[in-house]
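Chemist: What follows is the residue order along each chain.
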Amino acid sequence: MTVHDTATAHHDDHHEHPSWLAHHFDDAEQQFDSGKLGMWLFLVTEVLFFSGMFCAYALYRNRNPEVFEFCSQFLNEKLGAINTGVLLFSSLTMAWAVRASQLKQTKILIGMLGATLGCAAIFLGVKAVEYSHKWGLGLLPGKFYRSQLENPVHVDNNYLYNLCIVPMVMLIACALYYVYALVTASKFHLRVAGPMVVAAACFFGGVGLGNYLESGEGHSEHASSGHHGSSEHGHAEHADGAHDSAGHGTEEPAKAKLSLVSVDNSPIHDVLVTPAESVTPQSNVNQSAMAGLFFGIYYCMTGVHAVHILGGMLVITWLIVKASREEFHSEYFGPVDNVGLYWHLVDFIWIYLFPLLYLIT
Amino acid sequence: MSVVTSPVTMPDKSQDLGKEDNYLTHTSGFLSWALTLDHKRIGLMYLAGVLTAFTAGGILALMIRLHLWNPNIDKSQAWLTNQQYNQVFTLHGAIMVFLFIIPSVPAALGNFLLPIMLGTKDVAFPRLNLGSFYLWICGAIFFLFSLFATGLDTGWTFYTPYSIESQGPVVAATMGVFVLGFSSIFTGLNFIVTINTMRPPGMTWFRMPLFLWATYSTSIIQVLATPVLGITVLLLAAERILGIGIFDPKLNGDPVTFQHFFWFYSHPAVYIMILPAMGIISELMSVHSHKGIFGYRMIAYSSVAIALFGFLVWGHHMFTSGMADVTTIVFSALTFTVSIPSAIKVFNWIGTMYQGTVVLNTPMLYALAFIFLFTIGGLTGLFLGALSTDMHLHDTYFVVAHFHYVMMGGTLVAFLGGLFHWWPKMTGKMFNDFAGIVSAAIVFVGFNLTFLPQFVLGTRGMPRRYASYVEEFQQLHQLSTIGAMMLGCGLLVAGLTLLHSLFYGKKAPMNPWGGATLEWECQTPPPHDNFSSPPTVGDPYDFSGIEYDPKSGGYIKKKK
Amino acid sequence: MLPIFADVHDTFWFPKQASTFAPQVDFLYDVILWISIIFFIPIVIAMVYFMVKYRQRPGYKGSTEALHNTFLEVTWSVVPTFVVVWIFWEGMVGYLRMQTLPSDTEDVKVTAKKWVWSFKYKNGAESDKLYLQVGRDAKMIMRSDDVLHSFFVPAFRAKRDIVPGRYNYMWFQPTVEGTFDLFCTEYCGDNHSGMITKAIVQSEEEYNKTLALLAKEPDDIVERGKWLYERKACKGCHYAGTEGAQGPGPSYNGSWGKPVPLAGGGEVVFDENYVSNAILNPQGQYRKGYETASAMPSYKGQLKLEQIEAITAYIQSLQSAEPPKK
Ligand code: HEM
Ligand SMILES: [Cu+2]
Ligand SMILES: [Cu+2]
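Residue numbers (this note's numbering), protein chains in the order written: chain A, 1 to 361; chain B, 1 to 560; chain C, 1 to 326.
No wet-lab data here; the hints were simulated from the structure. Incorrect hints may appear among the rest.
[Stated by the list, open to error] Here are the simulated DSBU-like cross-link-like pairs (lysine-lysine), alpha carbons at most 30 Å apart as the crow flies:
#1 K61(C) / K557(B)
#2 K232(C) / K75(B)
#3 K558(B) / K506(B)
#4 K75(B) / K198(C)
#5 K250(B) / K288(C)
#6 K143(A) / K216(C)
#7 K551(B) / K506(B)
#8 K232(C) / K304(C)
#9 K198(C) / K216(C)
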């Protein structure tokens with residue numbers, strides 16, 4: 001690898017391209033700039049992609065604020081906050097990784113990338129607990145939503161086990177890979193396998209953490225945050241089967257509020273729609289057409305975000321492979337830098353999702 | 001870096017050995033094409049792909065027109081059942097929009113031309129480019145699936161709640177659209193980066209050929225609008241699978257929201273279709289008039305202006321769907337702002353011919369046909385942008401005629417013109433100019449015969465997407481069907497002319513038309529690396545030193 | 001005269017002007033048309049003239065220099081701008097008039113349903129054709145039972161989408177007596193193009209007579225069944241006697257008493273129970289061959305028992321009717 005070669009750009013006929021410089025670029029700078037601009041543009045498309053969902057969110061929250069208030073009670077803000085912290089920390093490690101790649105500190109680079117990967121796994125682990133818990137309660141999108149008062153459902157942990165199958169297989173595969181690396185004593189394989197095992201294990205750490213917070217204490221204040229009768233619904237998610245018939249009283253306020261908001265039934269309000277004649281079904285919040293909509297939006301937004309986390313984990317793994325081959329140096333660290341940008345964006349989007357979904361009061 | 005592909009695409013240094021080396025002969029074998037990173041080969045593969053899609057969409061169009069020969073009020077005499085008719089027009093629209101028009105100019109011609117015109121070796125991310133192509137293939141497969149599965153019948157607009165209830169394979173189709181969307185985004189991203197960071201020394205922004213300006217503006221739209229389409233169809237798929245309720249009135253969602261989402265992409269998308277076509281016309285008009293383009297800067301700026309304004313007018317597709325009055329009026333006002341830059345371009349193109357040396361060959365005739373047809377298309381946009389007339393015309397054949405004038409009379413005709421123009425460069429073969437002229441003439445007449453009657457039909461109240469109609473519309477429909485058959489023949493002649501040239505065409509000179517942009521300074525067909533050394537960049541519209549050279553049958557640049 | 005210029009239309013372009021909106025719309029349309037022609041003709045003339053004058057020919061050599069002329073360019077940007085501003089303004093004025101509901105209107109409740117229209121009048125009358133009184137402002141209160149539809153009467157130059165989940169309104173004032181086409185202009189599935197009916201504009205006297213007549217259910221039970229068949233949207237999907245849509249639903253003709261194969265296997269007899277099930281709970285059992293037909297809506301709560309019996313009697317009366325031709 002001839003690093004010094006590239007310090008000056010060649011504009012003559014016979015380029016001496018180092019292996020890391022693609023043949024159609026003139027010099028390292030052009031390659032770096034292209035990659036960077038490309039990544040920024042990609043991030044723009046990502047932001048727009050999410051903004052579609054943010055628009056949907058804004059429209060429907062504006063239409064049915066009480067639905068969002070009601071439903072947000074079922075989201076455990078502890079878990080959300082933990083995940084926010086985890087992601088923020090991973091942004092830090094990612095930034096450090098970029099620095100390390102420039103300085104050719106291979107060990108630190110791999111360590112930081114591994115830490116980022118681990119954080120991502122913890123995030124997903126916590127998410128898996130959240131999702132499975134909600135599925136068990138029937139807090140499902142749209143038409144699958146099960147009303148939370150009439151037929152209380154007990155937590156059904158099978159969902160969590162099912163969600164853990166794939167990570168478990170991954171963990172085993174990584175562990176086997178690690179053993180293989182140990183046996184062959186290949187430095188490269190060891191460098192790759194190490195972070196992967198840790199990351200796969202981190203997922204289960206996340207699951208444990210999530211489970212602890214979800215079933216443990218700390219709910220009294222959670223419930224009291226709900227005003228009026230709604231606090232009973234807050235309990236509904238806590239699996240302790242404490243469903244009393246107090247639900248009756250709670251329906252009234254919700255109903256009263258609803259008839260007010262259904263005036264603006266359409267997001268882009270039709271001036272000609274008069275309140276009296278609007279055809280909104282006069283119904284309470286706690287049913288598939290209302291709460292189901294919130295959960296539809298919730299699953300879409302967090303689901304697409306989770307897919308982005310998964311995508312990020314893939315590219316970080318690819319970076320670990322490259323880093324283990326010691327490919328990065330001060331002239332060539334574009335991939336780390338760009339993945340870093342991507343990762344910050346994913347983090348950034350979560351920072352919006354968290355208050356918008358979890359912290360509605 | 002490219003472990004797999006580098007052996008196949010390594011430039012071999014045997015240039016001066018006997019047989020001439022170009023991008024077609026550079027390497028051979030199936031894999032050398034399937035895994036190629038060469039933008040020219042990718043462009044050519046796209047070309048084959050979009051032309052196939054166009055043929056399929058065209059056959060469906062003829063089926064539509066044949067079915068409409070009779071009013072079909074008596075169903076027992078109808079050729080297609082209502083259900084079949086609905087599937088045919090849906091697939092026609094979807095294939096033409098998503099598989100043909102959107103990728104036609106940018107992905108096929110753009111890929112081939114952009115780096116050469118810019119004077120670089122390749123686009124910034126060749127592998128991403130190949131990836132875009134495979135995404136396109138993937139999307140096409142989804143569409144093929146919906147063609148052969150039970151039949152998609154939602155219209156290309158996928159309006160909810162019909163698309164939620166419809167029995168057709170809507171999810172497969174939306175996934176197709178999603179994947180094609182990403183293909184389009186990555187192409188746009190690639191082009192923006194290439195133009196921004198890879199211009200060779202001397203290629204300043206205002207020395208760029210107008211085709212590149214147009215492509216650049218298009219790419220901006222592709223990058224900014226397409227993600228919204230992506231999320232829209234994703235939500236639609238989720239709606240069907242999970243019933244999330246955002247667009248479903250039964251679950252308290254709102255169908256008009258879907259329309260907003262959909263048109264937020266699809267209006268800018270019509271500029272994805274027309275801007276590159278305008279770029280082609282700018283090139284064709286100046287080269288075949290042997291005359292610098294009239295008002296270069298105005299044309300360049302108006303491309304960007306159209307791209308930006310294009311984002312603000314999506315609501316004009318929904319004037320009758322019950323938006324608030326203020327919203328409706330604002331959208332109408334904004335709609336008119338887009339028509340001005342389009343008008344400016346038309347005037348500039350005509351000004352370019354003034355005092356030039358106009359050669360009436362195939363590409364030029366297509367370009368002139370474009371100006372004629374596009375002007376009609378644009379002017380009829382005024383009827384639709386004005387609110388009270390749109391109340392009458394919305395969703396009638398008037399709209400159908402309008403968008404065919406701009407999309408088919410505009411984009412398709414420009415695409416054909418561009419194809420004839422750059423065909424010699426791409427394939428190294430000259431086509432038969434007379435046959436080409438004949439095709440242009442038939443297409444022109446056939447086109448007008450097909451779509452002029454539709455304006456009248458629409459004004460008289462004929463709704464669109466009707467498998468049968470009240471009898472008083474029959475004569476105009478039949479006129480339109482005759483025109484469509486003629487149009488089909490014209491396109492067939494054009495296709496045969498090009499095919500014929502591949503086998504029997506004369507060898508093309510380096511610069512058959514006398515163009516001044518960089519692609520004409522490149523060998524014909526271009527070598528693998530386009531330029532062995534960075535080319536000297538001059539004014540792309542300086543035709544002063546370019547003279548006909550009878551020996552080679554092409555033009556050469558006289559040294560000053 | 002060529003038949004294209006046939007006299008069904010008052011002018012070459014437009015259907016008859018039959019509402020107070022029509023003159024404004026036609027006026028604006030005509031002006032835009034003339035503006036377009038005034039722009040288009042010079043463009044084409046210039047194009048053809050340059051094509052001929054500057055064509056390549058022996059002994060002629062044009063200039064190659066790029067031109068640009070600020071004065072011209074500014075002119076051809078600014079002039080069209082003024083023109084389109086006017087067009088916009090005039091369009092807006094017409095639109096606002098269409099949007100401003102007059103205070104005293106004759107209200108009609110419009111229900112669009114795949115693929116039939118039904119109109120309810122103040123006196124409870126119901127019809128599948130729209131009856132209107134000439135010279136009287138009419139307000140449509142429109143809702144859809146299923147997907148998007150759009151109400152369009154070309155002769156009135158009036159159109160508005162009907163969006164499920166909310167009411168949409170429109171108004172117009174018919175000015176001419178006569179019968180006009182009423183189309184659905186928003187694609188709504190298989191029989192979209194069959195969703196055509198008539199708007200019938202009558203004098204005050206006739207109009208009132210029609211409404212009175214419409215309000216009355218026939219006494220005879222079979223007649224009443226047919227009456228309901230026509231009014232409750234059955235006609236949009238089922239063929240009966242010699243009328244109605246051929247699909248997506250099965251024809252009533254000759255079905256009574258026959259065995260009906262079910263999609264899930266098995267058979268039932270086409271009897272009172274079957275009919276009432278099919279009306280109240282259509283998703284309960286699918287007839288073989290109709291699994292993919294667009295699902296029929298349930299009429300639970302919309303039809304009284306006595307009405308279902310009337311429909312049953314009507315279907316029974318068709319026991320030996322011919323099946324539809326195709
Ligand atoms: C002068 C510029 C233009 C104006 C003012 C204009 C205006 C309009 C308006 C107002 C509509 C909606 C009509 C309705 O549904 O009632 C419309 C429809 C449409 N326009 Fe244009 N347009 C212009 C140029 C173009 C161009 C350049 C293209 C494409 C290359 C285009 C493609 C379409 C399409 C595809 C539709 C209908 C889509 C559908 O409903 O399926 N238009 N145009
Ligand atoms: Cu548009
Ligand atoms: Cu319809």
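Chemist: For every hint, state whether the structure bears it out.
Modeler: Results of checking the hints against the structure:
no. : hint              : result
1   : K61(C) / K557(B)  : holds, 17 Å
2   : K232(C) / K75(B)  : holds, 23 Å
3   : K558(B) / K506(B) : holds, 24 Å
4   : K75(B) / K198(C)  : holds, 20 Å
5   : K250(B) / K288(C) : holds, 28 Å
6   : K143(A) / K216(C) : violated, 41 Å
7   : K551(B) / K506(B) : holds, 14 Å
8   : K232(C) / K304(C) : holds, 12 Å
9   : K198(C) / K216(C) : holds, 21 Å
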